[in-house]
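Participant: Here is how the chains run, residue by residue.
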Amino acid sequence: MHNPQLNKNGELQHLLTIEGLPKSIINHILDTASSFVSISDREVKKVPLMRGKSVFNLFFENSTRTRTTFEIASKRLSADVINLNIAASSTAKGESLLDTIDNLAAMHADMFVVRHSQSGAPYLIAKHLNDTKQNHVHVVNAGDGRHAHPTQGLLDMYTIRHYKKDFTNLRVAIVGDILHSRVARSDIHALTTLGVPEVRAIGPHTLLPGGLEQMGVRVFTNIDEGLKDVDVIIMLRLQNERMSGALLPSAGEYFKSYGLTPERLALAKPDAIVMHPGPINRGVEIDSRVADGSQAVILPQVTFGIATRMAVMSILAGTHG
Amino acid sequence: MNSGMKLHIKNGRVIDPANGIDAVQDLFIADGKIAAVGSAPEGFAAERTIDAGGLVVAPGLVDLSARLREPGYEYKATLESEMQAAVQGGVTTLVCPPDTDPVLDEPGLVEMLKHRARILNQANVHPLGALTVGLKGKALTEMAELTEAGCIGFAQAEEPIEDTTVLMRALQYAKTFGYTVWLRPQDPHIGRGGIAHAGPLASRMGLSGVPVMSETIALHTIFELMRATGARVHLCRISSAAALDLIRSAKQEGLPVTCDAGVHHLHMTDADIGFFDSNARLTPPLRSQRDREAIRAALLDGTIDAVCSDHTPVDDDEKLLPFAEASPGATGLELLLSLMLKWAEEQHGQADALPQAIRKITADPARTAGLSAGTLSVGASADVVLFDPRVRWLVAPSALASQGKHTPFLGYELSGQVKATIVAGHLAWER
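Quick mapping for you: the protein sequence lines, in order, are chains A and B. 13 is the number of the first residue of the first sequence in my numbering; add one for each residue after it. 42 is the number of the first residue of the second sequence in my numbering; add one for each residue after it.
So here's chain B without its partners, still in its complex pose:
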């Protein structure tokens, strides 16, 4: 690989939230690492110079939830297609949940996935291991072995543990070794089989609902268990105002908890289901306007640590079905940046909205996941994205590299086009 290439990226607006940088500066890359910001290191002879005039130069994005569908669901997407989507979207580090087929509950599977990803040499893939064998909520996985194989945490994906004793033991065990447990709070019974936010709209449309209390009841349980065990928990894809209030108090109390939200929930509500548009069928469901406003506010006040793409490729056959039968999920890797720019644009008059938006998809998720990524500090791995914040593009199947072509944003015009993505000093993608 050409990771040794010396790159000079000049005249770009460098935004590096981790170091509080937002200025037109030059960036120098050598040996796969950031060599300098500002003026060239002594004796630096660039093999390639990229003129980034008019572009933003930022750390490569860190996405805390991207399903790559391998192993097991290659008809929905392959590692090749999704890694391509990642770099086209400026994502250089991604965390993938363990709900593949077979689930990531054995070290061999994790090693294979890491190996396949390494060969493709695009984004860095960090799998989450299954917290319980087969995600069945009964027996603990070999967490130490899985960590050695490359897992950065343990999760149940969309399978809540029914037996609270098992959840407590899992947290105790994870605490023993200092592992983080990633949980999407959902009650195993309330809202099961639900397909839309339980509210006036679902009632009107005759769709079975997922009540907000499915999320809050689970949070109460998780927080009690955290108090008892001291385990560190990352909460995935929070969807409601009530849940954010609970998390805000838990953080004030000092519990070792972090959380993220899916980028769709930052912009959309259950009203976007429109006339049963299965592209808006997501897990957790899109909620009310009040919930959306709370998510946007929690992003500003820091209750939400990171925003993820919740990338979930689904093939046509599984979306062209009646709403309730359609598979949930939307493609997201190539929309994450643009949707965060949209959020920044909507923070009218907020001077640092753009750096703040970038922070939530770079430095903050990296810190949350315990990864050394998401920064342009000298010596850090040279994971960089160059994008033009002014170019507008139409969200259409043909514009997406991902094998998943379904998103509720189809037909939207969004700002922000990635021009180049650099991973560990090599140009992984260039427009």
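Looking at chain A on its own, in the form it has when it is part of the complex:
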């Protein structure tokens, strides 16, 4: 089966998922990001790599934070950015998803950054562009349903590499709502591709999807056991609507059972880092003393996120369909 995110030469045509992405491409993105990190510290925070290119941020699901990071990344690459919030689902009355895409492509878009509530929506767009011979337009998945959030996965890898240098001797724990998390899925694929020997998932059975073992993950339901001797802890956000109901009885009980407290953090290696894709829920999944503590790298993640997205976009812009 043809992998729709690579072109005939095996180069990155779209970034849709980390699953199946060759290690060499991941490393190339991380290396490129590394060269962009310093740009943000300069007086003039811009490089002309995408001058004259138009990037459309297509957000079918609201996310000010992610949209802003893509906007900043585009601007630092000197691209023109157009933000479109199409919060309604594509089945709502009016223009269909693919009609929207054709219209914007006719305005000479060079890149679509797509956020959608349905898993796989960016694939539909990428396939349509390929089928209609609009291969010069690139798609970046900025989060689709529960499926993938590849730029988040890549910026997480950048952060881990920054602090830990080598992936091949790490224990990484992902804690929380794995079931609904596209971040967890992208992180798992990235970590296993980069050779992390032990990836752990920690959460109650109601928030753990089946089949994690087949993805190369060790599953823990007891957080104290799961955090033992890990090098990296990735906390996941618990969505408000999942805090009480059939998945969990209450936010309070969740924090008691799975919240990251200083006591629990002490079970990990002394130099373990704590990550979170944000926005954080203090007192739900993470104690403020941890979120603000010396081991937290949550804000550096945000900084690295800009560089990582610049890397992805500049690499795609240099690929020809």
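Because the hints were derived from the structure by calculation, they are not lab data. In this text, all values refer to a predicted model and were calculated from it rather than measured experimentally. Treat the hints loosely; a few may be bogus.
As the list claims (entries may be wrong) - Derived DEER-like restraints, expressed as beta-carbon distance ranges:
{"no.": "1", "chain 1": "B", "residue 1": "433", "chain 2": "A", "residue 2": "312", "range": "42 to 52 Å"}
{"no.": "2", "chain 1": "B", "residue 1": "265", "chain 2": "A", "residue 2": "228", "range": "35 to 45 Å"}
{"no.": "3", "chain 1": "A", "residue 1": "146", "chain 2": "B", "residue 2": "338", "range": "38 to 48 Å"}
{"no.": "4", "chain 1": "A", "residue 1": "64", "chain 2": "B", "residue 2": "330", "range": "48 to 58 Å"}
{"no.": "5", "chain 1": "A", "residue 1": "241", "chain 2": "B", "residue 2": "433", "range": "58 to 68 Å"}
{"no.": "6", "chain 1": "B", "residue 1": "175", "chain 2": "A", "residue 2": "223", "range": "49 to 59 Å"}
What the hints assert, rightly or not - Just so you have them, the derived chain A footprint on chain B, three or more residues with Cβ under 8 Å:
{"no.": "7", "region": "233–243"}
{"no.": "8", "region": "353–363"}
Backbone N, C-alpha and C fix where the C-beta goes; we use that ideal spot for every residue, glycine too.
Once you've looked at the hints, dock chain B against the given chain A.
Facilitator: Then chain B, alone, in the frame of chain A:
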């Protein structure tokens, strides 16, 4: 109509599983009925002779689940387009579920559908009536009236009854008159809103799952109610190995139960979803390889009585959507025969694989549905298909008469081309 035409079909390989025939023989048709197999009846003067050399001559196919989309969904398909698809696929008898708009819960609607189908004079259409009014699972329909109007059984289509008391009453009532209730086992809550087989693949793709237990929990309930009421139940489109194990035991126990499987599930698994291909979005979902192997085995051991096309035309606008938003279903009438031939080809070394494949889409579904069809017995209605099992064809939208152009088999090359379809003695279609 020209149903009185005397037809002589010569030199074909006649396969009639109901009568254990598999031999090169001649077939004679008169007055819309099979007049003779082998040598001509005395004084038979053919008005037309068809040379079926190299072709298989078999009973017209009997499809236990084909959605024609009328009334209500004419933008997806019309009776004209789908009846044409049926005869081009060699299907001469089909059963259609009641989930039209409005649903088939009133005799007038059933009569209208039967009437429209009769005028087209192609395949024989046998509707299933709604088991409950509006398929809402609350009030029973007028089953006796609906039977008089032409319904051959009662179904809930894709709407499981939430209130088990209503399901029990429906079975009791159906039992009273000897009607068969057609149910696709699915729990009304577990797996609701699911779009893919709950398994490692769905987890990976972030698609909400339909667990196998949605099917098995419903089966446990149905079997308990059958034991209590004695009603006869036909189970539609079984998708899992675990469900087949339960059905196998139920049959051994002697419960009056039969079942079918959709032809897609005989060949495909959830892996065929590939990169979110909405053509592979089906109900029930494509399941694991283990489930597929179990379905293939159950076809051989007789646990599965029949294979249906699960023909569900969907228009482009409803498929060109993100996987979860796309309408489920695939076109099937024109693929059923070829996909059964594919199954037969894959039974390597099994000498009677072809007759067995044909049996599962002719005699066995007819028996299951209580229809006098699916056989070439002398005196039976002359519903016949002539096909060349060796001709290969490419599954492409342009090759399909159905208004539904979506199938996970697009781009496949399949064997088996229908050359002629005869319904009640008249040539309904000829290539």
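Participant: Look at each hint and say if it fits the structure.
Facilitator: Against the structure, the hints:
| no. | hint | verdict |
| --- | --- | --- |
| 1 | B/433 to A/312: 42 to 52 Å | 60 Å, violated |
| 2 | B/265 to A/228: 35 to 45 Å | 42 Å, holds |
| 3 | A/146 to B/338: 38 to 48 Å | 46 Å, holds |
| 4 | A/64 to B/330: 48 to 58 Å | 50 Å, holds |
| 5 | A/241 to B/433: 58 to 68 Å | 60 Å, holds |
| 6 | B/175 to A/223: 49 to 59 Å | 38 Å, violated |
| 7 | 233–243 | holds (count 5) |
| 8 | 353–363 | holds (count 4) |
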